[in-house]
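**Q** Protein chains in written order, with the numbering used here: chain A, 1 to 546; chain B, 1 to 293.
Rather than coming from a laboratory, the hints here were simulated on the basis of the structure. Please note that a few of the clues may not be correct.
[What the hints assert, rightly or not] In silico contact screen, one side only, chain A against chain B (beta carbon under 8 angstroms); selected entries:
1. THR42
2. THR44
3. THR115
4. ALA119
5. GLU248
6. SER249
7. PRO268
8. THR270
9. VAL272
10. ALA325
11. VAL402
12. ALA406
13. GLN408
14. ALA409
[Unchecked claim] Below, computed lysine to aspartate or glutamate pairings styled on DMTMM-like, alpha-carbon distance capped at 25 angstroms:
15. A/LYS347 with A/ASP365
16. A/LYS420 with B/ASP56
17. A/LYS420 with B/GLU188
18. A/LYS383 with B/ASP133
19. A/LYS123 with A/ASP113
20. A/LYS123 with A/GLU80
21. A/LYS359 with B/ASP133
22. A/LYS380 with A/GLU437
[Said to hold, decoys possible] Here are the computed distance ranges between Cβ atoms for each label pair:
23. A/ASP107 with B/LEU142: 55 to 65 angstroms
24. B/VAL151 with A/GLN426: 36 to 46 angstroms
25. B/ALA134 with A/ASN190: 31 to 41 angstroms
26. B/HIS257 with A/ASP329: 11 to 21 angstroms
27. B/ALA149 with A/ASN522: 38 to 48 angstroms
28. B/LEU142 with A/ARG372: 41 to 51 angstroms
29. A/ASN436 with B/ALA149: 57 to 67 angstroms
30. B/LEU146 with A/GLN81: 47 to 57 angstroms
31. A/GLY212 with B/ALA68: 35 to 45 angstroms
32. B/ALA134 with A/ARG372: 51 to 61 angstroms
Just so it is clear, the structure is predicted and the values come from calculations on it, not from any experiment. The C-beta atom is built at its ideal place from N, Cα and C for all residues, glycine as well.
Chain by chain, the residues:
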Amino acid sequence: MPARRTSALTAIVVPILLLAGCSTATSTAPAEAAGEPRSGGTLTWAIETEPITLNPHQYAQAKARLLVWNSFESLLTYDEQGRLVPWLATGWQAGADGLAYTVTLRDGVRFTDGTPLDADAVKANFDKLREEGYAPGVAAVQLRNLKAVEVVDPRTVRLVLTAPDVLILDFLASPQGALISPRSLREATNLKAGGLDVVGTGPFILDRYLPGQELHYKRNPDYDWAPPTASHTGPAHLDGITYRFLKESAVRVGALTSGQVQLVEGVPATDVPLIDGHPQLRLIRELNSGSAFSYYFNVSRAPFDDLRVRQAFREAVDVPTLLTAVYQDTATRAWSVISPASPFYDKRLEGSYGGDAAKANNLLDAAGWTQRDADGYRTKDGKRLTVRLIQAAPFVRDRRDVLAQAVQAAVKQSAGIDLKVSLVDQGTAVKAFDTNEYEVFENSRADTDAGAALNLLLHSAGGINRTRVHDARVDELLEQGQATADPAARADIYAQLQQVVVAEQALVLPLYAPADQIAASNTVGGVRFEPTAGVPASAYDLWIGQ
Amino acid sequence: MTVTLDGLPAGATVTTSGQAATRPRRRLDIGLLAAGAYLTVLLVAVLWPAALAPGDPLAADPRNVLSAPDSGHWFGTDNLGRDVWTRVVHGAGHSITIAVAATAIAVGGGVLLGLLAGLTHRVADETLSRTLDALSAFPTLLLAMLFIAIVGPGTVSLIIAIGLVTLPRHARVVRGLTQLVRRCGYVEQAVTFGLSRPRLVLRHILPNAIGPIPVLAVIGLGEAVLIAAGLSFLGMGPQPPSPEWGAMLSEGRNYLHVAWWMTILPGLAVTATVVSLTVLGRHWQRRLDGRQR
Chain A
1 MPARRTSALT AIVVPILLLA GCSTATSTAP AEAAGEPRSG GTLTWAIETE PITLNPHQYA
61 QAKARLLVWN SFESLLTYDE QGRLVPWLAT GWQAGADGLA YTVTLRDGVR FTDGTPLDAD
121 AVKANFDKLR EEGYAPGVAA VQLRNLKAVE VVDPRTVRLV LTAPDVLILD FLASPQGALI
181 SPRSLREATN LKAGGLDVVG TGPFILDRYL PGQELHYKRN PDYDWAPPTA SHTGPAHLDG
241 ITYRFLKESA VRVGALTSGQ VQLVEGVPAT DVPLIDGHPQ LRLIRELNSG SAFSYYFNVS
301 RAPFDDLRVR QAFREAVDVP TLLTAVYQDT ATRAWSVISP ASPFYDKRLE GSYGGDAAKA
361 NNLLDAAGWT QRDADGYRTK DGKRLTVRLI QAAPFVRDRR DVLAQAVQAA VKQSAGIDLK
421 VSLVDQGTAV KAFDTNEYEV FENSRADTDA GAALNLLLHS AGGINRTRVH DARVDELLEQ
481 GQATADPAAR ADIYAQLQQV VVAEQALVLP LYAPADQIAA SNTVGGVRFE PTAGVPASAY
541 DLWIGQ
Chain B
1 MTVTLDGLPA GATVTTSGQA ATRPRRRLDI GLLAAGAYLT VLLVAVLWPA ALAPGDPLAA
61 DPRNVLSAPD SGHWFGTDNL GRDVWTRVVH GAGHSITIAV AATAIAVGGG VLLGLLAGLT
121 HRVADETLSR TLDALSAFPT LLLAMLFIAI VGPGTVSLII AIGLVTLPRH ARVVRGLTQL
181 VRRCGYVEQA VTFGLSRPRL VLRHILPNAI GPIPVLAVIG LGEAVLIAAG LSFLGMGPQP
241 PSPEWGAMLS EGRNYLHVAW WMTILPGLAV TATVVSLTVL GRHWQRRLDG RQR
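Work the whole structure out from these sequences, hints included.
**A** Shown next as structure tokens:
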């Protein structure tokens, strides 16, 4: 693993006994300013992004992940070393040919509506996920190789596959694989949007949702099935927690310094000195796993159908200078489509391209964009070299709008490229993507297994294949990566893939490795990140000191 | 001619009690001079921005972001390293163009509807007037936001929105004066002489019914600058990276405690413009009252 376990709060020792249940899970809570963990009290946490849905099956925003795990849980999860460990399962066993996985379920788990968790409930979830029109992205990608889910006995399910697929286990640990009560699946008034009547097995129960304002969770008193990665067992410490949606970073930080909230996430670089210099506050930061924040070039239309124009765009941007300007020194540059926090990250790409304005201009000259118009933009046959970046508001975080403006100015000044940036609502963005009216798509994903992210982003059939690349070699490598169990062999496959996608075809401009920053009041204990994913963890381990 | 009308919006009073006329004539009005000087500079900024700031308002220097005002950048630089002075100067064109165009719509439409209401029969007049009353019952900003929410953000929709929401006040003044003027002796005489209706309206009624409109328009211009900045701040006007003042305020809001100059200086430009236009409008209004007395 790369050096990323920097948080002082995550020194958790977890003995893992696969197939042996997790009752032996123990942990040593590090010394904190907040003292010893204690039960009771409520907290308010200001978050940057309002979820577009509260149904975990429909999960799409990395920033919503910390909410999912409050009220929903998956069969498996990841530990600090990036290994899968059981959660609602007690264990799993792969069939000899890799075409079946048998999962045994933990006893005594109940959804918060009283329904017991059994094999039928698991099957109901998978059946729902594969239902036409319910979660098309999940059905087409993550569950592509799933043939059937069989109920062996009330405590055992078997997943039967059409082809070997190691990512099915990652799916069992993902938010989309979280289990919803079968009763909610049948009876919820608006299942896809989620809400108070869509419930899971988690340590908290959603009891208030005011769109545009806040979410409130109360403790689930019957909770007794914490994952081995948590630092305690039994019900959550807090009586309840409120998440307020504060989109403006200045407002979030102001709410924290004035004591209106005890935790904020999404602390902008310019505010870091303010938190560091404050005696009652502390800042914690961790890199996300999954894919790096990158610009994806739409190769299905001009001008990015020309490799030279894609390369020129990359050369025109001096990424480190822009990152320093926008994020001061807090951002980590990305060189590949995969985050440097992932074990599949290909280090060879570092320093292999970018930041050479002269090269950018030569490439554009060679591609025929030789004329300049009155505004200084390059033209060819009287047409301006214009590319459009569509930013969907629910996914704009970390000042990505400001970064886009910086890139816009950079490509204009160094190469005469006209980057048009539009920040629009989700509906408008989806329409632009569906009708192919864009040239640049920006994205990062916090998937625990980077392969899952790449399947969505680069496979011909991927749900968000916005480069619109249809390349047999890319597809083949992705499928091999999905079918290979040996981690070293997988790393090799993904390294080849990164060479094709980043080095040879220049499909992406990787910008930075997404990270989460949490600023917390010193009275709050148990602030931590989700192991491996690197995003803020759920509220389960949080407590308020004396 | 002294005209008093009920129900005029505050700030649109056609006459005043005559304070200005009775006060001894001041030799030097410093406020007026300062407003005039500022508006002259502003006019230069609108017509020939390069004279004041030769740089490119969009030119970013990522190596020099958020630097405080100094001799090189005497308004400092913003979060992308753009020169704030250059952006404020070039932004004048955006803000003033929007305000002028919006006021033109308000005045043109207002005069037309006001004349129509003032000259037509009861039913048509009542319908028009009550519709305008209903429109003015909503806060202007809210109404403009509603309009932009429907047609989408951008410079053109911003202009139309501000024009529409400030139109009723002009219409009401013109309607009141039209009704007054059409009952004046000289109009009645003109009718007796058999003047055609269009000529009557154009030559006798219109010139006398729009007397206070220029003053109202100048004051309205200030308000239009303010509404435009407000709506742009909310992202409903020119889109980034346009150096519009409201948009600049919006960009600077998250940097307020590290780079006050990003927000305060464009904010001062808006304030100075609104104050200057109001001072000028009020002065003009006082002079007009004096003459009418």
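**Q** Would you mind marking each hint as holding or not holding in the structure?
**A** Structure-based check of each hint:
no., hint, verdict
1, THR42, "violated (28 angstroms)"
2, THR44, "violated (21 angstroms)"
3, THR115, "violated (43 angstroms)"
4, ALA119, "violated (50 angstroms)"
5, GLU248, "holds (6 angstroms)"
6, SER249, "holds (5 angstroms)"
7, PRO268, "holds (7 angstroms)"
8, THR270, "holds (5 angstroms)"
9, VAL272, "violated (11 angstroms)"
10, ALA325, "holds (4 angstroms)"
11, VAL402, "holds (6 angstroms)"
12, ALA406, "holds (5 angstroms)"
13, GLN408, "holds (7 angstroms)"
14, ALA409, "holds (3 angstroms)"
15, A/LYS347 with A/ASP365, "violated (31 angstroms)"
16, A/LYS420 with B/ASP56, "holds (18 angstroms)"
17, A/LYS420 with B/GLU188, "violated (61 angstroms)"
18, A/LYS383 with B/ASP133, "violated (50 angstroms)"
19, A/LYS123 with A/ASP113, "holds (18 angstroms)"
20, A/LYS123 with A/GLU80, "violated (29 angstroms)"
21, A/LYS359 with B/ASP133, "violated (64 angstroms)"
22, A/LYS380 with A/GLU437, "holds (20 angstroms)"
23, A/ASP107 with B/LEU142: 55 to 65 angstroms, "holds (58 angstroms)"
24, B/VAL151 with A/GLN426: 36 to 46 angstroms, "violated (20 angstroms)"
25, B/ALA134 with A/ASN190: 31 to 41 angstroms, "holds (36 angstroms)"
26, B/HIS257 with A/ASP329: 11 to 21 angstroms, "holds (19 angstroms)"
27, B/ALA149 with A/ASN522: 38 to 48 angstroms, "holds (43 angstroms)"
28, B/LEU142 with A/ARG372: 41 to 51 angstroms, "holds (45 angstroms)"
29, A/ASN436 with B/ALA149: 57 to 67 angstroms, "violated (27 angstroms)"
30, B/LEU146 with A/GLN81: 47 to 57 angstroms, "holds (55 angstroms)"
31, A/GLY212 with B/ALA68: 35 to 45 angstroms, "holds (36 angstroms)"
32, B/ALA134 with A/ARG372: 51 to 61 angstroms, "holds (53 angstroms)"
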